[in-house]
Amino acid sequence: MPTFTARLADGWKRTGENMSLILVPILLGVMQTDSIRQILAYDGVHIGVKFGVPASVVTIWQFVSLPGSGVTANTGLPLSAAFAMIIIPGVILLRAGLSAGYFGTIAAELLDRHEGFAMSALTYFVPFLVITALPYVVLVPLALGLFGFGSLGDEGAVLLLIPAFIAAGYLFWATPYLIVLRRTGLVAAARGSYKLAVDGGAYLSYTIGYVAFVFFASVITTAVVVNVPAVGIPFGILAGGFVGLTLNITTMRFVADIDPESPCAGEWPAQHRSDGAAVSKEEAAP
1 MPTFTARLAD GWKRTGENMS LILVPILLGV MQTDSIRQIL AYDGVHIGVK
51 FGVPASVVTI WQFVSLPGSG VTANTGLPLS AAFAMIIIPG VILLRAGLSA
101 GYFGTIAAEL LDRHEGFAMS ALTYFVPFLV ITALPYVVLV PLALGLFGFG
151 SLGDEGAVLL LIPAFIAAGY LFWATPYLIV LRRTGLVAAA RGSYKLAVDG
201 GAYLSYTIGY VAFVFFASVI TTAVVVNVPA VGIPFGILAG GFVGLTLNIT
251 TMRFVADIDP ESPCAGEWPA QHRSDGAAVS KEEAAP
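Mapping the sequence shown onto the UniProt record's numbering, position 183 (from 1) lands on 183, and the numbers just tick up by one.
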């Protein structure tokens, strides 16, 4: 199988052929105004790192460790009970539609399908709506203090949930990719992601490579975006759109390569073999 760096190079090249799609991670990056506000309100020097998996549209914020991060639902707006009940549904609907169109278009470009952004947004809207809403189902009640963790407080509650988030992130990050590759529903895609995850192998190796990439990239990204916000925020959001699209395209092709039920996204040239591994989908399948 190709190395992680070879896959990134391929994803970078394909991003140049699909530049219009960077508008989605850029727009979602701009929408996260709570993160922008938190950085602008910070007075000091901040160094940090982030970890992450490619479970959604990748934006600049996957690479930025926010100073003094609290418990928020990342709606991009001030969070109060009354206001949240009004604005969050609209945010969820918009993000779901953009994500469905984005992932569907990436898959269509890789597989030579005749599906535009609008068609993909309509076709895959329902499963992506569920995926988009799930974090809010957990985080919004927590941010509003509705879970009743008592003496633990918000920080204690978050610490309890961290292992569950890590496990879920690893087991199910391939779900949105499988939805559009297989043209299947959420449950079937989640089962497929779970199977790939527990089998380990290439899935585990790619996850480790991706997490390491985010970790090291976040050191520089955090330093620039947080400590030089006047330049770092606008530049980071724009650059994050390009890098995010590259990572999503790279991951889409990876999932297509290792999933036996997904269509083939093309064979890799022989020079991209690692330790003599097969490069065709048929040879790579277990």
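The hints are simulated quantities; they were obtained by calculation from the structure and are not laboratory data. Among the clues, some could well be false.
[Unchecked claim] Quick list of the computed label-pair ranges, beta carbon to beta carbon: (1) 183 / 162: 32 to 38 Å; (2) 126 / 209: 27 to 33 Å; (3) 160 / 266: 27 to 33 Å; (4) 126 / 195: 21 to 27 Å; (5) 187 / 3: 15 to 21 Å.
The beta-carbon is built from N, C-alpha and C at its ideal position, and this holds for glycine as well.
List of violated hint numbers, smallest to largest: 3 and 5
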